[in-house]
Amino acid sequence: MAMQKRFKVGFGDVFPNGAFLKGSVEPVLDFNAEKRADGSRPQQVDPETGLLVWSVTVLDADEEASKRETAVTVKFFAKVQPVPPENKTPFPWTPVEFTGLTALPWIEETAMGRGRISWSFRAESMIAPGQSSQSGASSGQAKGAA
Numbered sequence: 002m003a004m005q006k007r008f009k010v011g012f013g014d015v016f017p018n019g020a021f022l023k024g025s026v027e028p029v030l031d032f033n034a035e036k037r038a039d040g041s042r043p044q045q046v047d048p049e050t051g052l053l054v055w056s057v058t059v060l061d062a063d064e065e066a067s068k069r070e071t072a073v074t075v076k077f078f079a080k081v082q083p084v085p086p087e088n089k090t091p092f093p094w095t096p097v098e099f100t101g102l103t104a105l106p107w108i109e110e111t112a113m114g115r116g117r118i119s120w121s122f123r124a125e126s127m128i129a130p131g132q133s134s135q136s137g138a139s140s141g142q143a144k145g146a147a
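So the mapping is simple: my numbering equals the position in the sequence shown, first residue as 1, plus 1.
No lab work stands behind these hints, which were simulated from the structure alone. Be aware that one or more of the hints could be misleading.
Unchecked claim - Here are the simulated DSBU-like pairs of lysine-lysine, each with C-alpha atoms no more than 35 Å apart in a straight line: (1) K68 / K23; (2) K89 / K68; (3) K9 / K76; (4) K68 / K80; (5) K76 / K6; (6) K9 / K68; (7) K76 / K36; (8) K80 / K23; (9) K36 / K89; (10) K89 / K23; (11) K80 / K9; (12) K36 / K23; (13) K89 / K9.
Owing to the predicted nature of the structure, the values given are computational and were not obtained by experimental measurement.
Make a model of the complete structure from these sequences and hints.
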């Protein structure tokens, strides 16, 4: 049995102290595609599923995370823009949990010519912390997510 490149991980394994959305869900632009007539870039489409690629910036609440590891990107594949859970806090960052979370390690080249392991994260949906993924997560469900 070979280890898969992308593998399932538990939300608590990646974000043991929680996570917060910073900003909104954004389309991932396809810089390999030709620009449109208006000069804009089309949105990336996953070649395997045919679904659009979306991303969110996530703040890791781990006190021991390095400056570089504090903000990470999580991507979604969905027909329509995923909807984050409602922010019921007085803060600008929305507490969130991800379901169907997967990770892919890759080597990032540093300025000193050294490599370091980085991670690419993908999720099926996002829900409010503590909300069961079996409850439907209507406001937090990434509709059409693969």
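Tested hints:
1. K68 / K23: Cα-Cα ~15 Å, so holds.
2. K89 / K68: 27 Å, holds
3. K9 / K76: 14 Å, holds
4. K68 / K80: Given that 35 Å is the threshold and the Cα spacing comes to 33 Å, the pair holds.
5. K76 / K6: 16 Å, holds
6. K9 / K68: Given that 35 Å is the threshold and the Cα spacing comes to 25 Å, the pair holds.
7. K76 / K36: Given that 35 Å is the threshold and the Cα spacing comes to 22 Å, the pair holds.
8. K80 / K23: Holds, at about 22 Å.
9. K36 / K89: Violated. K36 to K89 sits at ~39 Å, over the 35 Å cutoff.
10. K89 / K23: 14 Å, holds
11. K80 / K9: 22 Å, holds
12. K36 / K23: Holds - the C-alpha atoms of K23 and K36 are around 28 Å apart, at most 35 Å.
13. K89 / K9: Within the cut-off at roughly 29 Å; holds.
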